[in-house]
Amino acid sequence: MAERIRKEAPTVSDLRKGEVAIVGVGEVPTGIYPDRPCLESSLRSARQAILDSGLDKDEINVVIPAGTFFDAWFNTNLIFSRLVEELGLTGRASMNFQVVAGGASSSALLETAAGLICTGKAKAVLCVHSEKWGSMPSQEMIDKLATFGISEEWEAPYGLSMNAAAALITQRYMYETGTTAEQMASVCVALRKWAELNPNAMYRKPLTIEDVLRSKMVVSPLHAFECNRLADGGSAFIVTNRDRARALNKPVAYLLGSGSVVTHYAVSQERNLATLGYAEAASEAFEAAGIGPKDIDLVEIYDSYPVFNLMALEGSGFCERGKAGRFVMEGNTWPGGVLPMTTNGGMLSQGHTGTGGGIAVLVEAARQLLGEAGQRQVQGARFAVETATGGTYMDSHVTVLGTELP
Amino acid sequence: MSNYDKPLPQTTPWTQPFWDAAKEHRLLAQHCKECDRTVFYPKLFCPYCYSETLDWREISGEGEIYSFTVVQQHPPSAFQDDLPYVVAIVRLKDGPQMLTNIVNCDPEKVHCGMRVAPAFDDVTDDFTLVKFRPE
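Protein chains in written order, with the working numbering: chain A, 1 to 406; chain B, 407 to 541.
One thing to keep in mind: the hints can contain errors.
Claimed, not checked - Covered stretches of chain B, as calculated for chain A (at least 3 residues, CB under 8 Å):
1) 416-429
2) 454-464
3) 468-477
4) 521-528
What the hints assert, rightly or not - Computed cross-link-like contacts, EDC-like style, restricted to lysine to aspartate or glutamate with a CA-CA straight-line distance of at most 20 Å:
5) B:Lys429 <-> B:Asp527
6) A:Lys121 <-> A:Asp211
7) A:Lys144 <-> B:Asp411
8) A:Lys216 <-> B:Asp488
9) A:Lys216 <-> B:Asp527
10) B:Lys412 <-> A:Glu140
Since the hints were made in silico from the structure, they are not lab data.
Ideal placement from N, C-alpha and C gives every residue a C-beta, glycine not left out.
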């Protein structure tokens, strides 16, 4: 059986470099809000993003709601233009359709929007998501998630859960790199430092490495505090073309480059469990952007479990292989550190809103570049890297954004 | 055996021979006659060369643990009574990787690189799951 065939490096430069920008973001608080309808979270996030962008709402001509899983009827509402009608865009919007790639929906939305804008088909695109996983009974969610990216023939009969899939990756990563339990736990601590500054985060009380390691073992080597907490939430962002973005006369977040690779469907078939595809994705993204890790001011890494932060830091070239745990434990990614990381607190502290967990991370990347991150603002942030992965970590996405063209 | 209440493999016509062989405590993988590659898990056609000329070959059950986890909390509902149990990815000598459970072993003793052999588990009259035990 052949090892995975490595993707070849792109031979043409990314045609979208600097051609599109995220110009507005919106978000509702993440947490347990049983009385807040998902529709409200979508609409409030969308409205805030449109108002934040400075565009007139009637300039939005494509609406892309990401997939929601808690309620099939609500999801079909999204497919069938409910938001267009609620947002007063009927007759203005030319297209409404759904995009969903699980946790990687952030990248899928941005890529789709960017493509439409570059062809001229879209002028301004609203990408929006909401979810209500936090209010669902937890065992029901565990069972539901045990069908996401998990094979009903080859994996489910052996009791694989989403937590267990992440544990398989974490175990192998620790085995290959020698990363310690303390270093792994320190990722959760670093994320909490940021969440303490985030009014939209679910968990804002200080956390220590000892707290993490004392929490119960769920799926070895992952402790309870190393497993994300499902949450209700919503977020949105607006993408438009360069000329329109410039005319707004405010900071915007240009798409400078992106790279990605799908490495598996079933986690049991992944032959590079301890690296996944971050290195390939990052080299593609940096090549397109024309800058490298040293130019980056902050990283917004998809963190449903702490191993992904370490793997993405190493794969993207911010740390040598096996050194990311120490780098994080030394506080380098904390507020005030040399490389601020996942500054909304991520899914491990802000909360995991399903496909929205990653969208919130992308929204935070844009928010930092727009200069709207409040107490979390990384001063002078010009270039940011954002990552995503979906399902049982089926794909690795790396995106480079910047306030200017390098 | 009829009381078995955990998920059973949801098979397809082209994967059924694997499960039929498992019932006989044999491990099969597909082999592509066109490009001479091993294909696992079974596919409708060869994912490498798109040939439909796939046949079946018995493969060795020898392998080693590529990764594992001891599930101690929050399993899928059907596995509540099994805690703790070991979920592992086994990499077989012949190449294929499989998700499985490690049985007949203290969960604390399981480790990456551990050599294992099949422990066929006849969970129902129709299905035998391919689990593994220390070699």
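Results of checking the hints against the structure:
{"no.": "1", "hint": "416-429", "result": "holds (count 4)"}
{"no.": "2", "hint": "454-464", "result": "violated (count 1)"}
{"no.": "3", "hint": "468-477", "result": "holds (count 6)"}
{"no.": "4", "hint": "521-528", "result": "violated (count 0)"}
{"no.": "5", "hint": "B:Lys429 <-> B:Asp527", "result": "holds (9 Å)"}
{"no.": "6", "hint": "A:Lys121 <-> A:Asp211", "result": "violated (51 Å)"}
{"no.": "7", "hint": "A:Lys144 <-> B:Asp411", "result": "holds (17 Å)"}
{"no.": "8", "hint": "A:Lys216 <-> B:Asp488", "result": "holds (18 Å)"}
{"no.": "9", "hint": "A:Lys216 <-> B:Asp527", "result": "violated (31 Å)"}
{"no.": "10", "hint": "B:Lys412 <-> A:Glu140", "result": "holds (16 Å)"}
The structure is inconsistent with the numbered hints 2, 4, 6 and 9, although it conforms to all the rest.
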